[in-house]
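Colleague: One-letter residues, chain by chain:
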Amino acid sequence: MPQPLNYLKETASQTAGPYVHIGLIPAMAGFDIFEKNFSNVLVTPSTQGERITLEGKVLDGTGTPLRDVLLEIWQANASGRYNHPADRSTGVLEQEFRGWGRAGSDFESGLVTFETIKPGAITDRAGRTCAPHINVWIVARGINIGLNTRLYFSDEEAANAADPVLNLIEQPSRRSTLIAKRTERAGQVVYAFTINLQGPEETVFFDV
Amino acid sequence: MNAQAPASRDPRLNRPEPFTPPLGDGGFFQRDRSIHPPAHAPGYKSSVLRSPRQSLLSLEGSISEITGPVFGHNDLGPLDNDLIRNYAKDGDPVGERIIVHGRVLDETGRGVPNTLVEFWQANAGGRYRHKKDTYLAPIDPNFGGCGRALTDDTGYYYFRTVKPGPYPWRNYVNSWRPAHIHFSVFGSGFAQRLITQMYFEGDPLIPVCPILTTIPDKDALDRLVAPLDLNASTPFDSLAYRFDIVLRGQRSTYFENRTAGN
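Keeping their order, the protein sequence lines are chains A and B.
Heads up: the first sequence begins at 0 in numbering that gives the first Met the number 0, then just goes up one per residue.
Heads up: the second sequence begins at 0 in numbering that gives the first Met the number 0, then just goes up one per residue.
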């Protein structure tokens with residue numbers, strides 16, 4: 000027998016369930032408990048970059064919006080720097096921009112929104128430029144392990160065409176499932192997205 | 000628009016204490032999907048329409064995945080890990096008083112320091128304080144049912160609560176969840192993000208639960224069951240349960256820029 004490796008095993012995932020809001024967004028469950036709450040607003044007045052709204056829905060295999068889904072996003076700031084000590088890139092680190100937020104879908108419409116800024120491009124470990132993107136993590140009743148995907152931006156066509164992750168997707172038609180569409184509404188930039196959990200337009204999900 | 004609280008505006012509240020990732024800044028160990036529940040697990044009916052049918056696309060961990068949000072003590076309030084007191088209005092909540100404690104580790108066995116652990120649960124009668132829960136068991140006026148803690152330098156966390164009750168749910172005609180506490184854990188990178196549920200030693204509902212038994216691996220299932228920990232209990236006050244949580248391990252970066260293929 001060789002030496003044992005003795006690694007621990009990761010704790011198994013379980014669904015977040017229908018009442019995930021109690022723990023993660025208590026105001027949506029219907030009560031107020033913490034002094035400080037996390038939210039879907041990532042920006043403060045001093046945040047650098049273009050203000051954008053992300054707005055979309057998560058659909059099940061019948062095309063019905065999930066009305067009990069919770070999304071978290073994680074992104075770089077406008078100069079392409081993550082607010083984390085492992086990011087040693089040269090972009091400007093903005094102490095006040097955490098780069099993370101969470102949102103529950105509306106209980107009636109299923110709409111999910113974030114107020115954030117458009118992230119800058121980042122460089123991957125091989126030195127390649129990655130198109131601006133936002134990392135998304137999805138949990139809900141019926142989802143046994145959180146789903147990872149990305150949102151890219153429709154007005155970054157050249158960068159998207161060169162993005163090393165989008166180019167890993169074998170079928171070009173599936174790449175479009177990750178592109179949020181830029182629109183303007185009353186002077187505000189809105190990127191609209193749809194995440195299809197299942198079916199012909201199924202969104203690409205990653206094993207990260 | 001959602002009725003959600005605004006973000007904390009005071010920039011000082013968002014400032015974490017500096018910390019060093021435990022094992023360099025390499026990617027994470029590959030997730031062993033054989034110990035996790037599959038997306039499509041028909042015995043848990045709502046997974047049928049909410050599970051992707053295409054394969055997941057594997058990514059080498061890039062800076063987007065090995066980094067993640069950093070939290071600090073300024074994000075938390077002093078009672079956030081005390082569910083006996085953090086929603087008390089005119090007394091203590093009803094139920095078995097318990098302490099739940101343990102460590103957040105990674106697969107190498109190292110503690111994960113300064114990471115955010117969030118937890119939520121039903122009250123002693125199995126009723127959730129949520130506008131969508133209509134179970135006939137009553138709300139406890141002194142129990143909210145959620146809390147959070149930051150692990151210490153060794154990865155240790157603890158909180159105080161009442162033991163939740165089982166409750167019925169619409170899966171099979173007569174499905175009941177075992178007593179459980181939901182956990183949400185961050186780790187140091189977004190790829191470690193994990194939500195799971197803790198169960199209690201000896202609960203006879205465990206082997207018949209359609210959610211818990213989505214887990215194909217018996218040992219993985221057993222690791223979600225917290226043993227009674229008399230050593231950590233407080234005489235004439237609270238029993239205790241021990242629940243360790245393991246996140247993915249992180250590789251060291253021995254050499255930079257060793258790229259694969261493309």
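Just so you know, the hints here were simulated from the structure itself, not pulled from any lab data.
Don't take each hint at face value.
Dumping the calculated DSS-like pairs for lysine-lysine here, alpha-carbon to alpha-carbon at most 30 angstroms [what the hints assert, rightly or not]:
| no. | chain 1 | residue 1 | chain 2 | residue 2 |
| --- | --- | --- | --- | --- |
| 1 | B | Lys131 | B | Lys88 |
| 2 | A | Lys117 | A | Lys180 |
| 3 | B | Lys162 | B | Lys131 |
| 4 | B | Lys44 | B | Lys162 |
| 5 | B | Lys162 | A | Lys35 |
| 6 | A | Lys8 | A | Lys117 |
| 7 | B | Lys130 | B | Lys217 |
| 8 | B | Lys44 | B | Lys217 |
| 9 | B | Lys88 | A | Lys8 |
| 10 | B | Lys162 | B | Lys130 |
| 11 | B | Lys88 | B | Lys162 |
| 12 | A | Lys35 | B | Lys217 |
| 13 | A | Lys8 | B | Lys131 |
| 14 | A | Lys180 | B | Lys130 |
| 15 | A | Lys35 | B | Lys44 |
| 16 | A | Lys8 | B | Lys130 |
| 17 | B | Lys217 | B | Lys162 |
Residues from chain A that keep clear of chain B, each with C-beta distances beyond 12 angstroms, as calculated [said to hold, decoys possible]:
| no. | residue |
| --- | --- |
| 18 | Gln13 |
| 19 | Gly29 |
| 20 | Glu34 |
| 21 | Gln74 |
| 22 | Ile121 |
| 23 | Ser153 |
Note that this is a predicted model, so its numbers are computed, not measured.
All residues carry an ideal CB built from backbone N, CA and C; glycine is no exception.
Colleague: Next, verify each hint and record whether it holds.
Modeller: Hints and how they fare:
no.: 1; hint: B:Lys131 / B:Lys88; in the structure: holds, 22 angstroms
no.: 2; hint: A:Lys117 / A:Lys180; in the structure: holds, 13 angstroms
no.: 3; hint: B:Lys162 / B:Lys131; in the structure: holds, 21 angstroms
no.: 4; hint: B:Lys44 / B:Lys162; in the structure: holds, 27 angstroms
no.: 5; hint: B:Lys162 / A:Lys35; in the structure: holds, 26 angstroms
no.: 6; hint: A:Lys8 / A:Lys117; in the structure: violated, 37 angstroms
no.: 7; hint: B:Lys130 / B:Lys217; in the structure: violated, 35 angstroms
no.: 8; hint: B:Lys44 / B:Lys217; in the structure: holds, 21 angstroms
no.: 9; hint: B:Lys88 / A:Lys8; in the structure: violated, 41 angstroms
no.: 10; hint: B:Lys162 / B:Lys130; in the structure: holds, 21 angstroms
no.: 11; hint: B:Lys88 / B:Lys162; in the structure: holds, 19 angstroms
no.: 12; hint: A:Lys35 / B:Lys217; in the structure: violated, 39 angstroms
no.: 13; hint: A:Lys8 / B:Lys131; in the structure: violated, 35 angstroms
no.: 14; hint: A:Lys180 / B:Lys130; in the structure: violated, 33 angstroms
no.: 15; hint: A:Lys35 / B:Lys44; in the structure: violated, 36 angstroms
no.: 16; hint: A:Lys8 / B:Lys130; in the structure: violated, 36 angstroms
no.: 17; hint: B:Lys217 / B:Lys162; in the structure: holds, 24 angstroms
no.: 18; hint: Gln13; in the structure: violated, 4 angstroms
no.: 19; hint: Gly29; in the structure: violated, 4 angstroms
no.: 20; hint: Glu34; in the structure: violated, 4 angstroms
no.: 21; hint: Gln74; in the structure: violated, 8 angstroms
no.: 22; hint: Ile121; in the structure: violated, 6 angstroms
no.: 23; hint: Ser153; in the structure: holds, 20 angstroms
Violated hints, listed in ascending order, are 6, 7, 9, 12, 13, 14, 15, 16, 18, 19, 20, 21, 22; each of the other numbered hints is respected by the structure.
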